[in-house]
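Engineer: Quick note, the sequences are listed as chains V and R, same order. FYI, the UniProt record's numbering numbers position 162 of the first sequence as 162, with every residue one higher than the one before it. FYI, the UniProt record's numbering numbers position 348 of the second sequence as 348, with every residue one higher than the one before it.
Any given hint might turn out to be false.
Taking lysine-lysine pairs in the DSS-like style, the calculated list, with each CA pair at most 27 angstroms apart, reads [stated by the list, open to error]:
#1 Lys312/R to Lys245/R
#2 Lys668/V to Lys191/R
#3 Lys338/R to Lys668/V
#4 Lys338/V to Lys191/R
#5 Lys539/R to Lys677/V
#6 Lys665/V to Lys665/R
#7 Lys668/R to Lys338/V
#8 Lys191/R to Lys665/V
#9 Lys312/R to Lys677/V
#10 Lys191/R to Lys677/V
#11 Lys668/R to Lys370/V
#12 Lys338/V to Lys677/R
#13 Lys531/R to Lys677/V
#14 Lys665/R to Lys338/V
#15 Lys445/R to Lys370/V
#16 Lys370/V to Lys665/R
#17 Lys677/V to Lys668/R
#18 Lys338/R to Lys191/V
#19 Lys370/R to Lys668/V
Since the hints were made in silico from the structure, they are not lab data.
Here is what each chain is made of, one letter per residue.
Number of protein chains: 2
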Amino acid sequence: MATLQDLGVSAFINILGAFVFLLLFAVLRIQPINDRVYFPKLYIAGKRAADHRGARRAINLNLCTYFKFLSWVPGALRMTQTELIHHAGLDSAVYLRIYTLGLKIFLPVMVVALLVLIPVNVSGGTLLNLRKDVMFSDIDKLSISNVSPGSNRFFIHLLMAYVFTFWTCFMLYQEYSNVAFMRLHFLASQKRCADQFTVIVRNIPRVSSHSTSETVDEFFRRNHPDHYLGQQSVYNANRYAKLVKQKERLQNWLDYYQLKFERHPEKRPTGRTGCFGFCGRKVDQIDYYRARISELDKRIASERHRVLNDPKAVMPVSFVTFDSRWGAAVCAQTQQSKNPTQWLTNWAPEPRDVYWQNLAIPFFSLSIRKFLISIAVFALVFFYMIPIAFVQSLANLEGIERVAPFLRPVIEVKVVKSFLQGFLPGLALKLFLYILPTVLMIMSKVEGYVSLSSLERRTASKYYYFMLVNVFLGSIIAGTAFEQLDSFFHDPPSQIPRTIGVAVPMKATFFMTYIMVDGWAGIANEILRVKPLVIYHLKNMFIVKTERDRERAMDPRSIALGENLPSLQLYFLLGLVYAVVTPILLPFIIVFFAFAYLVYRHQIINVYNQEYESAAAFWPQVHSRIIASLLISHVTLFGLLSTMKAAYSTPLLIFLPLLTIWFHKYCKSRFEPAFRKYPLEEAMEKDRMEHASEPSLNLKTYLANAYLHPIFHMFEQEDQKEEATIEVRIDKSEHQQQQHVRSSHSQYEEETSAQTHYHHEERTSSQYQYQYQHQYQYQLEETHMRSEQSPPHFVYHPGVDH
Amino acid sequence: MATLQDLGVSAFINILGAFVFLLLFAVLRIQPINDRVYFPKLYIAGKRAADHRGARRAINLNLCTYFKFLSWVPGALRMTQTELIHHAGLDSAVYLRIYTLGLKIFLPVMVVALLVLIPVNVSGGTLLNLRKDVMFSDIDKLSISNVSPGSNRFFIHLLMAYVFTFWTCFMLYQEYSNVAFMRLHFLASQKRCADQFTVIVRNIPRVSSHSTSETVDEFFRRNHPDHYLGQQSVYNANRYAKLVKQKERLQNWLDYYQLKFERHPEKRPTGRTGCFGFCGRKVDQIDYYRARISELDKRIASERHRVLNDPKAVMPVSFVTFDSRWGAAVCAQTQQSKNPTQWLTNWAPEPRDVYWQNLAIPFFSLSIRKFLISIAVFALVFFYMIPIAFVQSLANLEGIERVAPFLRPVIEVKVVKSFLQGFLPGLALKLFLYILPTVLMIMSKVEGYVSLSSLERRTASKYYYFMLVNVFLGSIIAGTAFEQLDSFFHDPPSQIPRTIGVAVPMKATFFMTYIMVDGWAGIANEILRVKPLVIYHLKNMFIVKTERDRERAMDPRSIALGENLPSLQLYFLLGLVYAVVTPILLPFIIVFFAFAYLVYRHQIINVYNQEYESAAAFWPQVHSRIIASLLISHVTLFGLLSTMKAAYSTPLLIFLPLLTIWFHKYCKSRFEPAFRKYPLEEAMEKDRMEHASEPSLNLKTYLANAYLHPIFHMFEQEDQKEEATIEVRIDKSEHQQQQHVRSSHSQYEEETSAQTHYHHEERTSSQYQYQYQHQYQYQLEETHMRSEQSPPHFVYHPGVDH
């Protein structure tokens with residue numbers, strides 16, 4: 001048990017650590033070489049060009065910039081909320097509000113608790129006399145444990161529990177109302193986007209002698225005659241996507257070798273085809289990759305042909321578009337078919353939010369998947385120690401020596417051996433915790449959610465259960481989750497709050513240290529971005545071959561909501577549980593919230609680039625988790641007081657959870673529809689405004705390709721990009737063009753002259769271009785012939801007149 | 001503890017009792033005097049006229065009819081399901097299916113259980129050796145208790161648990177699918193009715209300077225421009241309804257005295273105005289009532305004027321009608337407003353299903369009401385013994401003697417005293433159980449549901465909790481619910497299934513007796529209709545003055561779903577719990593289901609007249625209660641086996657509840673939407689068919705008065721009836737009319753001549769008629785002036801040209 005002094009030392013070390021991190025950050029962030037690690041969002045938003053701040057120089061030599069190590073703070077705070085929403089989207093802005101909500105809740109609570117409860121607790125002064133068998137620290141003098149059992153002082157704690165609960169609920173209500181308003185406002189002021197007019201229809205029944213698109217068309221023409229516009233079939237393009245990815249990789253290598261050759265025209269790059277270039281036939285790299293790409297192109301073309309023509313490649317899912325937001329809102333919120341497992345309609349997620357792989361799961365399979373995954377999550381939360389213990393028992397030194405006898409001499413070295421013996425057992429656990437979010441994400445994917453945002457929300461909720469049981473309860477009851485489960489079954493329910501209640505004040509110092517190590521240091525690590533920094537520079541050294549690669553190596557990612565939300569919710573839980581019990585913990589939480597707020601504000605402005613925009617769809621979850629924390633805090637207090645011989649507390653405390661539950665239900669019915677449904681009033685208003693401002697808008701063409709599988713889009717973009725690159729290259733290599741003698745139209749013709757070869761590449765690209773166009777033209781005609789009524793589903797080059 | 005012989009005796013007595021009841025019924029039902037008690041539905045359906053089977057004779061003298069005492073059975077079975085739906089509605093037909101479902105589930109289960117489990121249990125033969133301290137009956141030799149602990153025979157019980165669960169789930173699935181289909185078919189083949197086009201809108205916001213109807217009109221014209229037709233405001237007519245009721249009562253008395261006077265023209269009826277005609281001024285009854293009626297008429301008129309003109313009488317609720325089922329389905333299923341607590345839309349219940357008093361409850365109040373009522377139900381279920389014990393402690397003999405000393409001589413008589421002492425303590429409990437359904441119904445009303453059908457469903461679910469805790473658990477654990485609750489908190493959760501599991505086989509004989517007494521005798525009582533029989537004849541003797549009164553005294557009522565569903569569900573629970581444990585209980589349940597099926601089929605055909613039609617909306621509840629019963633049976637078996645040292649059973653049994661829960665979730669998502677939503681496909685199809693068959697239908701006039709407060713309808717009917725009566729009387733009293741000399745047009749003019757007076761009544765009535773018409777005309781014009789656009793809300797005499 002830590003005394004106040006121990007805690008002070010720990011705090012000092014952690015503050016020092018955070019300070020060092022901040023200093024490091026201050027130094028690293030102004031190095032131009034790190035610019036893409038610390039400001040990727042600005043690059044993406046186009047606010048910073050590739051040659052910003054003399055990117056040619058790798059190191060910043062301007063000394064005076066080194067002294068302003070907190071200079072990022074004002075910059076982070078300067079942006080208003082509106083600008084922030086504009087810059088990074090509503091998700092990010094609302095994510096930040098979780099931190100301010102924490103501050104809003106806990107600052108007044110802390111002030112009241114420190115002013116009222118600490119004096120009460122300190123003057124209690126009976127703890128040491130009464131229980132000599134338990135070790136108590138100085139912290140306990142400030143906590144509720146210091147009050148003598150049966151004392152009337154507990155009335156003050158009870159009162160405070162009421163005050164804190166009401167205050168929290170009040171703030172929660174305010175915040176829910178604000179966020180709901182922000183969401184509606186955001187949706188209302190959003191520019192026209194495809195998802196406003198689109199509904200995703202799943203489980204389309206197969207009608208024999210009809211194609212899926214015909215079935216959909218007929219169904220919606222019949223049941224939504226006034227507003228139905230069109231539909232976009234979903235193709236099972238997974239194999240196609242794989243091929244395109246493969247081609248991309250090859251193209252990259254080709255680019256690399258061509259650049260290399262350009263720099264050293266005296267030597268054509270060669271290599272071996274076998275594994276990692278170690279074995280196999282020696283070939284000319286440029287020729288080799290070109291040949292492989294052309295071969296892939298043919299396969300891609302035939303695969304695309306298959307996808308477009310094989311009725312089996314069309315999935316029983318469709319994106320149905322309407323001519324007004326009203327029509328889409330109606331279709332998304334109503335039941336279509338007599339059989340409620342068919343024609344399931346829902347709002348289409350944003351195109352970039354769609355998780356394409358899950359679209360085709362049938363209803364029955366979905367219900368089984370959900371069931372199995374919920375069992376799996378339960379098992380994971382409560383029994384995750386079993387496989388880890390198993391791995392640990394395998395992964396001992398003897399096992400390793402048996403499997404890999406050649407390592408024996410190394411292992412037998414004494415230092416290595418002791419290190420490994422200390423390290424190995426923990427390794428499995430560390431590894432497990434590291435991959436846990438990924439595992440949970442995979443589980444959510446198996447469950448069959450069709451949008452990335454819902455996948456992240458589901459992952460967050462699974463992770464929360466894990467943290468709640470294994471971090472919070474696990475630390476308090478000090479046992480594995482499995483032991484907790486066992487005691488839950490074999491102890492009377494009235495015993496459980498007592499067990500928790502008694503242990504809670506004793507674990508206060510542990511959680512203070514936890515907040516410092518996990519919270520403070522975690523945030524400092526967050527701003528320093530150690531992992532992305534290292535990865536970026538590693539990539540830069542080994543993998544990056546072209547400017548495009550560098551851009552890709554930048555990869556700012558989104559805020560990892562799946563991990564961050566649960567840990568934030570854990571801090572709320574700690575704050576609420578300890579507010580009455582050991583109020584001295586609150587300052588630690590407040591420091592965390594304030595610091596994290598600053599850091600995340602900076603990161604959101606400069607680093608993260610949200611993959612999708614869900615318009616704060618995660619807020620109801622945050623809200624209900626905080627409510628759950630309130631309830632847990634009531635149960636704890638209940639158990640604690642019942643061991644403190646404060647019998648009168650039972651009837652007084654019972655109303656608190658009841659009122660909280662009622663409050664939650666009220667909020668749910670009051671605000672949650674704003675996050676699940678789209679009011680017709682809103683839709684109609686927006687339709688009307690749009691109609692007034694753009695009466696001649698052709699929605700059909702606007703929506704035509706919105707929900708194309710991204711892989712087709714990507715392909716299209718690449719084509720365009722290639723075109724652009726070619727033009728640039730032509731400008732650059734004009735002098736080379738003069739030397740160009742032969743003009744070849746045959747694609748597979750052998751070329752030996754380097755210049756001609758280089759030039760040939762342009763040609764081939766152009767030919768590709770032509771070929772593509774020709775092919776599209778053909779396919780379009782074909783599609784047209786297949787179904788006269790339905791519009792062509794794929795238009796690859798909107799700019800090109802067919 | 002009962003032996004098999006005891007049980008046999010009990011069964012014999014009960015069967016004899018039922019037989020006697022059936023004989024009595026056979027005798028009573030063919031007495032013409034009881035015709036209106038046993039065949040009211042036929043009167044209402046118009047299949048039987050008032051003078052059926054020589055109703056003039058009170059007693060049936062045709063002896064041969066007495067010998068066919070089961071002759072009602074074929075009649076009850078003859079009707080096909082389609083005819084039944086046509087005759088009594090879908091609710092009744094589906095209600096009967098619950099009984100057949102019981103038979104379908106339990107007949108095969110019984111056969112298998114008797115063939116497999118009984119031999120296994122009997123040959124176990126170890127019970128009496130092992131536990132000598134517990135009293136066991138012969139029944140236990142047939143039950144699972146007879147198998148020696150740790151025996152491998154429990155595998156057979158486990159297997160049977162799986163088989164029974166799968167069979168039950170299979171039947172449940174079949175039945176849910178059937179009922180859902182029947183519901184959709186019923187709705188699809190239903191004739192055009194107002195509720196198909198109407199949506200109830202609650203929580204309409206008050207807009208200053210707009211009347212509610214204008215607000216509604218504007219809102220729906222804006223947001224549903226293509227389908228909105230009109231709206232019907234809801235008036236707070238509670239006071240008006242009271243006045244009308246009062247007038248009705250007075251009118252009845254007037255009729256009575258006039259008839260009396262007609263029969264004995266020599267003596268004008270007189271009486272006193274004070275309490276019960278004992279004191280007060282002596283008056284001429286006909287004059288007195290006539291004066292009071294005319295006074296009431298003025299008050300009614302002014303009240304109606306107030307209701308129609310006072311904007312405060314218009315409630316923030318409206319019935320909004322659409323020009324198509326599609327439009328109504330869309331509006332009912334979507335969210336209208338940005339504020340999810342305003343403009344709440346839902347399907348309008350049938351006009352006769354509306355519970356008018358609850359329409360105006362605002363959203364916030366609703367959420368508080370629900371919360372308070374759920375606490376109250378919890379308290380009622382677990383603590384209902386407390387007030388009863390309190391009443392019991394008050395209602396002792398000393399208390400009565402103190403309050404009413406004049407009863408002392410009577411009470412002190414020894415026989416009376418001992419009777420009272422034995423009777424009084426139970427009285428409070430009996431009284432409580434008698435009024436319990438009413439109390440629960442009042443609670444549901446306070447909760448704020450707006451349709452009678454949902455009120456009944458809510459009552460049923462409350463009653464089910466009460467029965468589950470106080471009848472099922474209460475009998476098994478043998479303690480008050482409060483004690484159960486206490487042990488639930490202070491025993492480990494793993495102990496609870498054990499406690500129940502151990503007690504379950506021991507209570508088998510109790511439940512067999514319960515099934516006979518409550519089930520068999522209850523059903524026999526149901527067919528005999530003792531209470532309605534007595535009440536009808538009492539009314540006939542004392543209250544009935546006119547034919548209209550007799551019709552009203554008939555009052556067949558609806559099936560009391562609020563009480564019947566929970567007790568049926570209790571039988572399912574008993575059957576499922578005991579199927580594996582003590583299969584000998586199953587025949588009792590099967591007899592109950594078969595007998596009850598016959599009786600209710602007869603009653604539904606001949607007696608009950610459903611007040612509303614909810615199209616089997618109660619089925620999802622029945623389904624989930626049976627699922628809950630399955631789960632309870634698993635828990636019981638789990639606890640039982642864990643005390644039987646059958647440790648291997650734990651992992652084998654755990655899948656059963658999990659699979660059941662999954663099955664429930666699947667069924668819920670598969671079928672429940674059919675009971676909650678109206679698919680657009682269906683709506684569109686019906687719209688289209690109707691449009692094809694009746695292209696020139698004027699829906700607006702059809703829907704104009706559909707959702708008028710019933711009190712206005714009633715009034716209108718009365719007016720028409722009065723008109724009819726007057727015409728008849730004029731015919732009858734033509735010879736009297738000859739004597740009529742003076743013709744009076746003043747309404748309040750004093751008249752002394754009986755004949756003239758009698759005749760005057762006709763005049764006044766006609767004048768009323770005229771007055772009303774005039775008044776309506778006036779009001780209509782006024783309403784018209786108030787809002788030019790909105791159509792007049794009240795048209796009282798559609799037949800009269802204004």
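Engineer: Looking back at the hints listed earlier, which ones does the structure fail to meet?
Structural biologist: Result: hints 2, 5, 8, 9, 10, 13 and 15 break, sorted rising.
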